[in-house]
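*Asks:* Residue numbers (my numbering), protein chains in the order written: chain A, 185 to 465; chain B, 510 to 700; chain C, 510 to 700.
Label-pair distances were calculated between CB atoms; the ranges are: (1) C:A542 - A:D335: 22 to 30 angstroms; (2) B:R547 - C:E638: 37 to 45 angstroms; (3) C:P651 - A:Q406: 24 to 32 angstroms; (4) C:A556 - B:L672: 39 to 47 angstroms; (5) A:E373 - B:A548: 48 to 56 angstroms; (6) C:P661 - B:D541: 32 to 40 angstroms; (7) A:P410 - B:R537: 54 to 62 angstroms; (8) B:T627 - A:R377: 28 to 36 angstroms; (9) B:P585 - A:D253: 34 to 42 angstroms.
Read the hints as simulated data drawn from the structure, not as lab findings.
Only a predicted model underlies this, so the values are computations on that prediction, with no experimental measurement involved.
Glycine included, each C-beta is placed from N, C-alpha and C at the ideal position.
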Amino acid sequence: MNAEPAALSPAPDGAGQAEGPPLAIVRGEPLTLVPRDLYIPPDALEVFLETFEGPLDLLLYLIKRQNLDILDIPIAEITRQYMGYIELMQEMRLELAAEYLVMAAMLAEIKSRMLLPRSAAVEDEDDPRAELVRRLQEYEQFKQAAQDLDDLPRLERDLFPATLAPPPLTGERPLPEVGLDELLLALREVLQRADMFTHHQIRREPLSVRERMSRVLEALGQGPVPFAALFTLEEGRRGVVVTFLAVLELLKAHLVELAQAELFAPIYLSAARRADVAHDT
Amino acid sequence: MTPELLCRILEGALLAADRPLSLEQMERLFEDAERPSRAELRKALDALAQACDDRGYELRQVGSGYRFQVRESLSPWIARLWEERPPRYSRALLETLALIAYRQPITRAEIEAVRGVTVSTQIIKTLTEREWVSVLGHKEVPGRPALYGTTPRFLDYFNLSSLDELPSLMALRDLGSALDPLPPSGEQGRK
Amino acid sequence: MTPELLCRILEGALLAADRPLSLEQMERLFEDAERPSRAELRKALDALAQACDDRGYELRQVGSGYRFQVRESLSPWIARLWEERPPRYSRALLETLALIAYRQPITRAEIEAVRGVTVSTQIIKTLTEREWVSVLGHKEVPGRPALYGTTPRFLDYFNLSSLDELPSLMALRDLGSALDPLPPSGEQGRK
Chain A
185 MNAEPAALSP
195 APDGAGQAEG
205 PPLAIVRGEP
215 LTLVPRDLYI
225 PPDALEVFLE
235 TFEGPLDLLL
245 YLIKRQNLDI
255 LDIPIAEITR
265 QYMGYIELMQ
275 EMRLELAAEY
285 LVMAAMLAEI
295 KSRMLLPRSA
305 AVEDEDDPRA
315 ELVRRLQEYE
325 QFKQAAQDLD
335 DLPRLERDLF
345 PATLAPPPLT
355 GERPLPEVGL
365 DELLLALREV
375 LQRADMFTHH
385 QIRREPLSVR
395 ERMSRVLEAL
405 GQGPVPFAAL
415 FTLEEGRRGV
425 VVTFLAVLEL
435 LKAHLVELAQ
445 AELFAPIYLS
455 AARRADVAHD
465 T
Chain B
510 MTPELLCRIL
520 EGALLAADRP
530 LSLEQMERLF
540 EDAERPSRAE
550 LRKALDALAQ
560 ACDDRGYELR
570 QVGSGYRFQV
580 RESLSPWIAR
590 LWEERPPRYS
600 RALLETLALI
610 AYRQPITRAE
620 IEAVRGVTVS
630 TQIIKTLTER
640 EWVSVLGHKE
650 VPGRPALYGT
660 TPRFLDYFNL
670 SSLDELPSLM
680 ALRDLGSALD
690 PLPPSGEQGR
700 K
Chain C
510 MTPELLCRIL
520 EGALLAADRP
530 LSLEQMERLF
540 EDAERPSRAE
550 LRKALDALAQ
560 ACDDRGYELR
570 QVGSGYRFQV
580 RESLSPWIAR
590 LWEERPPRYS
600 RALLETLALI
610 AYRQPITRAE
620 IEAVRGVTVS
630 TQIIKTLTER
640 EWVSVLGHKE
650 VPGRPALYGT
660 TPRFLDYFNL
670 SSLDELPSLM
680 ALRDLGSALD
690 PLPPSGEQGR
700 K
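Only chain A is shown next, with the shape it has when bound in the complex (with noise of 0.2 angstroms):
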């Protein structure tokens, strides 16, 4: 509340309506005077309101501010308060939460019923402060629980624990152990996010000549090899299929070149140029 500037008086001179623009149209009528118990110089009032938490906070601070008890405050007087506070804030155009002008209405209505008279045939009838009493008392109990959250001592601002370097531990640490059913669940999301399913045409070479890319790769980072050396008889025609296809995704991907010194001379695979000057970036 450091921001509550101390009420100034209204200048002494003119009474009241005097020329010049209004300060705001307060429910149609011209308002030149600020009231008393309300006045705020304007640049102060933004940061003011900005220190309450809401309607039911603004309340409060107007039944503190006049050392009211909650249990018995003058509806009237604290609903003419609020509104002030409403009004100006509007006029100001300040950016009003809905819950305030939901509050406003409230106590207007709590006020209309004050004013009826009661009969005896209406005695018990719920008085109609106790609902606003009840929400103002809950809140006060939080808004002071808040309070007390923050008076405790807490971890970063006055308290810290102990944490030591460890000693050289021995006995290496476990490596992650991962799924396959994890490693699958990965490449499903990051393919439904990259929509490949739909946009991207799926490639259908199995994904043995994908492997045998690699291997063929792998073998080929130590130079040049005689593309008969590539195939593994044992492994049948299948096997032989798989690697020349291989050797074709690669040839089109320019990321093998074939070489032949001289017309029936073996044919050579390399990895395609000057991959086998640089060994790492």
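With chain A fixed as given, assemble chains B and C onto it according to the hints.
*Replies:* Here is chains B and C on its own, set in the frame of chain A:
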């Protein structure tokens, strides 16, 4: 295993860990053959607590277990170790946290009903990211809103061993009898 | 300031700090009026070192200053603090690995194009150190980026005899239901 060695192992583990250790976690430091009983563990912890009596730190039980922490009386000096100011929390966040702590399990709408304003998504996110608050379940009403509650980490942060240690709430007064009787007719200020 | 209080403050600071403290840093804990002399500081540190003689930790002087360290003789037990939490690989790492497995040989830029985010060097390093992934060669485009593929070790770890045993991309689309836990056996004959 001698009680002295047990004490030293626990002391070393509590100091090296970057989080409070529960009794279960302490038990798991030992192989089956050497594992101390619960009674032995507690006795060793008592001895450790006493051994710090005249030191700069103390053994404290918080939400998720035991930890050594520097005595609060030394904070004015210790706080100078860090250049940055500790984080401050807005009233809106603290009020929301207080409601979750005291009224859990609680929905966002219930928090809003007490505070009289909407609770920003950012606040719930901050509380969740700090691991002070988690979703305990969903309320079986239309929309199945999440029910929030506090975590052991919340207790750790605020140096509490259980929710029982929270400051007690301000008492609510009964308004039925306390409210002035309304005037029978429109006139106010009759008295 | 009494020597006892000085000792306690230093002890607290060394316990709370997450780094070794130099004498200069220790001096900065104190306001001008109360600041101890170098001689007083050293004396207090000596006293602290002695006070740990029969404790689970010791005062060590390292390159950048002083720090408390848990005694090495306790490491067989302390090491279990971390064992109990089997580390896990990040989602980013798993996605990268999966893409390398299915799309090899593949460059980092190609992985990034599918994932939509950059692939950290750490991830590639982890996968290479684990010997699940290796550099097969370099793509002949500007920058000559490395081409990654999986190794036989990768197949061993996942118990595959060849990449063919990985589900096809088509099958992967329906993976969600396939990976759900199996229903209790009794329900299988239903319908």
